[in-house]
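Asks: Please put together the full structure from these sequences, using the hints given.
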Amino acid sequence: MDKQLIIRGLRRSPLSKFLLWILPWVALLGLGLYAGYLCLARGLNQTNMDNRFAFGLWIYLDLTIIALGAGAFFTGFLLYILKKDQLKAVINSAVVLGLICYSGAIVVLMVDVGQPLRAWFTFWHPNVHSMLTEVTFCITCYLTVLLVEYAPLVLRNRKLRQIPSLLVFEFHLHKVMYVLAGVGTFLSFFHQGSLGGLYGVLRGRPFAFREGIGIWPSTFFLFILSAIAAGPSFILLTTWLVSKLSKKELVKREVLSLLGRISGILLMVYVLFKTIDTLIWINHTAPASGFNPFDFYSWEPFGTWLLFAEIVVCGLLPAIILLDKKRREQTGWLVSAAFLVCVGVMLNRFVFTIQTLALPTLPFDRFLSYVPSWQETATFLAVVAYGVLIYSLSFRYLPLFPQEKELRQS
Amino acid sequence: MFPGVYGFTWEPGNLIFLGIFYSVVAIILGTMGIVLVRSLKDFQSQKADQIRWKLDFEDLPEGNRTCRHELTGEFRHRTCERGFDCRECPDHAKLVASKIRTIHPGYETGDEEGCILGFDMPLERQYHRGHTWVMTEPDGTTTVGLDDFGSRLIGEPDEVRLPAAGTSLHLNGTAWHFKKNGSDLRILSPVDGEVIQTGGKKAGWYLKLKPLGKKMDTRHLLRGAEIRPWLAREMERLEFSLAADGVGMSLADGGALVEDLSKEYPSLDWDAVWGQMFLEP
Amino acid sequence: MKISRRDLFKFVGGSAVGAFLTPIPWKLIDDAAIWSQNWSWIPRPLHGEIRTKFTTCTLCPAGCGARVRCVGDQPVMLTGVTRHPVSRGTLCPAGLGGHHLPYHPGRALQPLQRVQKNGKIEFAPVSREAVEAALAAAISRLKPGTPNESIVILDQQPGRTISRVYRRFLESVPNGVYVTTSALGGDTLCVLQEMMEKPYGPVGYDLENTRMILSFGAPLLDGWGTPGRMMEIIKAQGSKDPDYRLKIIQVETRQSRTASFADEWVAINPGTEAAFALGLAHVLIHENLYDQDLIRRKAIDFRKKDGRAYLNLVEQFTPEYAAGISGIAPDRIIATARTLAQNAPAIVIGGGDPGGGPLGKEEETAIAGLNLLLGGIGRPGGIVARREVPDIMSTSHHPTVPEMEIRDVPDHSIRILILDAAESGNALPWALLERKLVPQGALVVSLSSYLTGLTKHAGYIIPAPTYLESIQDVPAPIDATTASFSLSSALLTAPAGVTEPFEWVKRLASVAGVPFVEEAQGSTYEAQLKNRVETIYRAKRGTVFSSGDGKTVPIAEISSADQLWKLLSEGGCWIDSKAETKPMPNFSLLGKTKDNFERLQVAGQGRLSREPGLVAAFGFILMPFGWRGATGNGQISPLMTKLFQESGLRKLSGQTAVNPETGRAFGLTDGGQAWIETEKGAMKVEVRFDAAVMPRVIEAAVGPSVEAFSTAETQGTQNILDLCHLDDDCAWRVTRARVTT
Amino acid sequence: MDTKNKKQHRYGMVIDLDKCTGCGACMVACAVENNIPPATAKATDRTGITWVRVYKFDNGLPFPNNRSAYIPMPCQQCGEHTPCVSVCPQKAVEVDAASGIVAQIPVRCLGCRYCMTACPYHARYFNWWDPVWPAGMEKTLNPDVSPRMRGVVEKCNFCHERLQAARAKAAAEGRDEIDPSDYQPACVEACPTGAITFGDLADPNSEVAQLVQNGHAFRMLETLGTEPKVYYRSDQAWVRQIAQQEVQKPKAKEKVHG
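First to last, the protein sequences are chains D, F, A and Y. Mapping of the first sequence onto the working numbering: position 130 corresponds to residue 130, and the numbering continues sequentially without gaps. Mapping of the second sequence onto the working numbering: position 28 corresponds to residue 28, and the numbering continues sequentially without gaps. Mapping of the third sequence onto the working numbering: position 290 corresponds to residue 290, and the numbering continues sequentially without gaps. Mapping of the fourth sequence onto the working numbering: position 53 corresponds to residue 53, and the numbering continues sequentially without gaps.
Some clues are possibly wrong.
To be verified - With a Cα cut of at most 25 Å, we get these calculated DMTMM-like pairs of lysine to aspartate or glutamate:
#1 D/K252 / F/E239
#2 D/K3 / F/E88
#3 Y/K56 / A/E232
#4 D/K88 / F/E88
#5 F/K54 / D/E211
#6 A/K240 / Y/D18
#7 D/K159 / F/D49
#8 A/K53 / Y/D144
#9 F/K54 / D/E329
#10 D/K175 / F/E124
#11 D/K159 / A/D7
#12 A/K235 / Y/D203
#13 F/K215 / F/D59
To be verified - Sample of chain Y residues at the chain D side, in silico, Cβ under 7 Å:
#14 P83
#15 C88
#16 P89
#17 K91
#18 R108
#19 R113
#20 M116
#21 A118
#22 V152
#23 Q236
#24 A237
#25 Q241
What the hints assert, rightly or not - Here are the in silico distance ranges between beta carbons for each label pair:
#26 F/P61 / D/R253: 28 to 36 Å
#27 F/E88 / D/I81: 27 to 35 Å
#28 F/F240 / D/I81: 33 to 41 Å
#29 A/R44 / D/I215: 39 to 47 Å
Simulated from the structure, these hints should not be mistaken for laboratory data. We put the beta carbon where it would ideally sit given N, CA and C, even for glycine.
Replies: Dropping the structure here:
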């Protein structure tokens, strides 16, 4: 039965081995679901968040995985709108990653809010001035788009394909993919930006507050840039990782190089703007709020090293590596650089979500630390497990890498 | 969200935001609507098989889509774009009309009658790229069977699912199914036609068809001098497929293929090989 | 008709689609929305007629007026009563939550008996009769004339009608002793009276007219005396001419609220108040800044030939000498003495912290001596005499049982101890009471409603009605300059299982077969109270404040005793007219105790000097501190979590503070855990670094534990007082301690 | 209520830090008035609910020169760039145009806590637990305020129900405007030293407006431009200084505990 579900001509490990692989992840998912249940049934007192750390691990997770998931829309954009056909090799994988990231984020958000049953109020009484409204609307719409994008992939499963109605549906769905890719791009641009805006607009948090253009603070644009820079790197990294784990060649080497190059170019642009933005913040925005920007970095362990790590070590450095053709051709350099890019974007989101809240605003306030509770951590890990499971299942039963068969035969 | 709901205002920001949102929703819903309508239409007009072949054909590696005229050496390199349906192909029509038909250099006449490269491939039959043969009977019906190459690939099938009499088959649609070792194999229909009688392996043929229109159109089928180069290419493909699984053997000069290849090499991913060879990737 | 699976699917699918066209889904969404906004288990407030009632707070002896907002008859909010003559419109945070106390989860609702179950102490229900029988049997075993076998009632709010009932009861049983504790704000006054040759009558602080207060650790701004008085003064400070503003100097090791608010904080070495006070006396005398006329005329031991005169004592305490002990620079001692003299009338107040306990008699003698030196007694802005509340005691039978402070009760002498429910608001370590009990077979009965503090150690509990549940009288607070009297009304019905102490004493008397002489004053408690009100009415002194309209009328305008009763039971307050200045008797500056000179001399060296060898070995000095009314003895509203764990504004039991440098030197971490170890035991505490703490001192809160807000404290979390060293004079202010992680 | 033809009010406070003894009466009175439940045993100063919270701060000097003062922090009722209003995704935070009061609507709050991260004054509180009163104590709830539920944010609203009551009283007596003495929040009423003065900042004759003018008044984090309507005042320079000092420097290398 299992074999009938595997795409013809692809080699997948025996079912027993596969089950053994997913077992720990299922266990982790189960634990996370229990933790999530605790949080829903008993309330958020199960977490270690508090009035000061009102956002914790989960919001960090949301921001990070949505940034990493940006590869889905951006690859779609490059493939369907800019016709970078080479990216066909990774688009399916990108869509799955995107779906995992976004659906994971939304599930966690549902646990994260105190009254999930009232979540729809945002749609009913939207406050259009709130970045969170923008995020909510865009993420929900984009998740729908991602589901629609994922559907053809599922329908191409060997068994499902046998059903004529689904086959026809998939065929036509695939034909309109460029429309969805376009809508997805539009939505993603907005919510990646809004996620940045989420913190950039916080006038009361001078560490995060940024000036900007119109209603959008600079973080709006920087988050878009960093997300689309990191997205391809994340796809590169996952593809490489899956390839290593499955011991199979999945895409042609030049696709990885292309992803690296795209990432490198965008990252360079991002680093440039981020540097400008930081300088403006140091010299203008923060002093105008009445704060000495370097005071923010006087609380150990969050010193200026964090700024350096974020912009130079995980920004400029990988950008240079990725833009260097020679280095890019060496898988070691390429993958390390992609890894640094991902770490960079994670660090950036960490700085905005956690460091912002840890810093005191009131003069008599203290610098606060926060350690997530096991329930939070388990829910977090459950999203990871969920991702691994969805990806593993997709990899096993769906045509994630169109070039795999070809590469196997050559 | 709507006028009348608490919190709704007519201020521009609100209208722009909601306007964009409704547009996005409309686009998504509209697109999905279009997809649904198109799917429904195609499904009702029974284009599923056609679409399936179209998708399968697209999925075939480029090497598997070689034009018959490349096989015969008329082109150095040419890939079929039409799903092996030469009936509407202007180039094919032109080439046939010009009668400049170069014989493939590999063609040898030393074969026994009806035996090409060790396969029993009678020349009076016409062959489909999916390893079915077609023979027009004198009574105007058409017999369809699995060619020797195909038979040897499959060996003894576990199950044969033939269409009922009266079923309309379409070119490159599903003719019948084999089941073997848990794999489900779809055999492409080589022609358009209505099933009037079904046979089986023992009968030596599988289907008897009558044309859907006035006459059976077989322009797209391989014949005569095309068979040998095609078979040679098929052998290559087979070797290639097997090589991917680590079975290195040279079938081309090994003489005839054994009767049941899958029995010979049970450890191979036969499902994939069959998929490759019967054009269902 | 054959129904295939397909048909079934179609039906279900069709129904689902069809259902969407009906109002059902919208109704469900709507209901879900409403439910998500109003969970059924969220309590709904009572609704009903809003009424305003008035009463008097009995949670501590201050007797503040309270305006009670009621829904129907249910009190839902307490606020201060504007222009109330005692509390001046103020209620303290504890008082604001007083209406929650009847519902405290840790309340005892029936007589309980302390039992040991599986090695754990528990309180099990017991019949009231059984307790009475046990007590009667114990009373019958008391041998008259053996003072080491006494029956004691501990009354922390003396002067009430029930206090008189207790005394009369004790009169009729063998070896009855009526015992009180030191009251916040009253210690110095008590000692001062003891220093008089002849009884001077009650006195109070004329805070409103004073220009300066030198306070030795008294929490002037944090619940001291009648809190409203100090608060009213602070309120008016800003509008006063800066020269006439009240100046406060706080002499305290800890930076208490009062210390940080005061004009000056004199951070004195632990337990060295006597040295500082004697140092001040030295400067006052040497610079001739004292009331020489008064001292010459009235002070009997200022100069004596035997070399044991006050002057001889003070001579020794030069500023330099006092500085060496107290840690206060000589210049500062001199400056403080001068400021005191310049800012006459000034008051010097002792008393100490509610958790840290009384200063000790010798220290208080030194402090009271300063007041005498400054000549502030009997003068406006000083310590002035007030009259007693007119009482049947003074008019008819004066009880013969002695009134004694608990520290003066001989050790190991109490056979039966009855703890009244009323609180002084101060800490009282169980160890102190334990020391006074006979070593074997003492019987302790608590009348408290709450299983906390001392009650946890009682053998029996006969819970009395709590605040707002019974009518009680409230006499003048100890710091008052005029007598006052008000009533606390029964706004709520007491639960069935509780017993009014009056009724219980009556029953006990009958079971024990002793005559209950108080019957003459009324057979019910209310009749007794009415009797007292009538006495006040008959005295025709003073004025009556009525809470309803905020007006004050002379008592002469009140038509009858019943009318006065009505006014008082509606939250009114009787206030005595100002007493005439009484001629001051002669006094002894060294106090009347035996060996007073030597005792003061020793006290002047500081408390820790008594066992000097141990200081180095321990490293830390443990100083407990508390907040009046929340020292763990009484119950506080569950809502006080706002001030404790929810804001850290006040400290819970187990929270301590050390100086950051000391802390680091001893390897402690801010916010970390540590063990405090003393000769009495060890306790795990949380340590905070606070730059305001004196190096080498660990300040430990005598507060409620976290459990005290939500549960009965039967098991009793450990209390820092259990670790404190109890001095011979029953002070527990300073203890040598080791602090380790 | 039709507010169009009525005067625009800007209710605000001036808190005299020289009079605040840090007793906490305001916090208790507030909790009683607004039906804030007692905390569960696990609650801390970071998960509790105190619509007004009294903080202690000091001059940073070592013993014995250290001095402390207390500062009550209710919602500062920002007037401009109100950080919490613009961030709420579903209009659960609104500024009442007639009174200038920033109102939180708990029944519409979904508990996302974005407003809490936005508030620099940490004046917003989340219901981490179900509100639980000891058995019987729920009878003491204030009938004018609905208890909130788990999972929503709440904060000080200057005892809005008292404003409503004052308005109702004015309406019943045929007045257009409320009598200012009818509207005093619970904390103001409870403060034993009268440290908190409450009134209409828009009325130049009001006591609060006068106090703001009289010098030595300041607001917290004024440079953020949030225009709070809660002012503080102190005659002591160090108090004014520390309350305006932006970010406290970390003290040496103290280990930070949460």
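Asks: Evaluate each hint against the coordinates.
Replies: These are the hints, each one checked on the structure:
no.: 1; hint: D/K252 / F/E239; result: 23 Å, holds
no.: 2; hint: D/K3 / F/E88; result: 38 Å, violated
no.: 3; hint: Y/K56 / A/E232; result: 22 Å, holds
no.: 4; hint: D/K88 / F/E88; result: 30 Å, violated
no.: 5; hint: F/K54 / D/E211; result: 54 Å, violated
no.: 6; hint: A/K240 / Y/D18; result: 14 Å, holds
no.: 7; hint: D/K159 / F/D49; result: 15 Å, holds
no.: 8; hint: A/K53 / Y/D144; result: 18 Å, holds
no.: 9; hint: F/K54 / D/E329; result: 36 Å, violated
no.: 10; hint: D/K175 / F/E124; result: 42 Å, violated
no.: 11; hint: D/K159 / A/D7; result: 24 Å, holds
no.: 12; hint: A/K235 / Y/D203; result: 24 Å, holds
no.: 13; hint: F/K215 / F/D59; result: 31 Å, violated
no.: 14; hint: P83; result: 4 Å, holds
no.: 15; hint: C88; result: 6 Å, holds
no.: 16; hint: P89; result: 4 Å, holds
no.: 17; hint: K91; result: 5 Å, holds
no.: 18; hint: R108; result: 6 Å, holds
no.: 19; hint: R113; result: 4 Å, holds
no.: 20; hint: M116; result: 4 Å, holds
no.: 21; hint: A118; result: 5 Å, holds
no.: 22; hint: V152; result: 6 Å, holds
no.: 23; hint: Q236; result: 15 Å, violated
no.: 24; hint: A237; result: 15 Å, violated
no.: 25; hint: Q241; result: 9 Å, violated
no.: 26; hint: F/P61 / D/R253: 28 to 36 Å; result: 18 Å, violated
no.: 27; hint: F/E88 / D/I81: 27 to 35 Å; result: 32 Å, holds
no.: 28; hint: F/F240 / D/I81: 33 to 41 Å; result: 36 Å, holds
no.: 29; hint: A/R44 / D/I215: 39 to 47 Å; result: 42 Å, holds
Hints 2, 4, 5, 9, 10, 13, 23, 24, 25, 26 from the earlier list are contradicted by this structure; the remaining hints agree with it.
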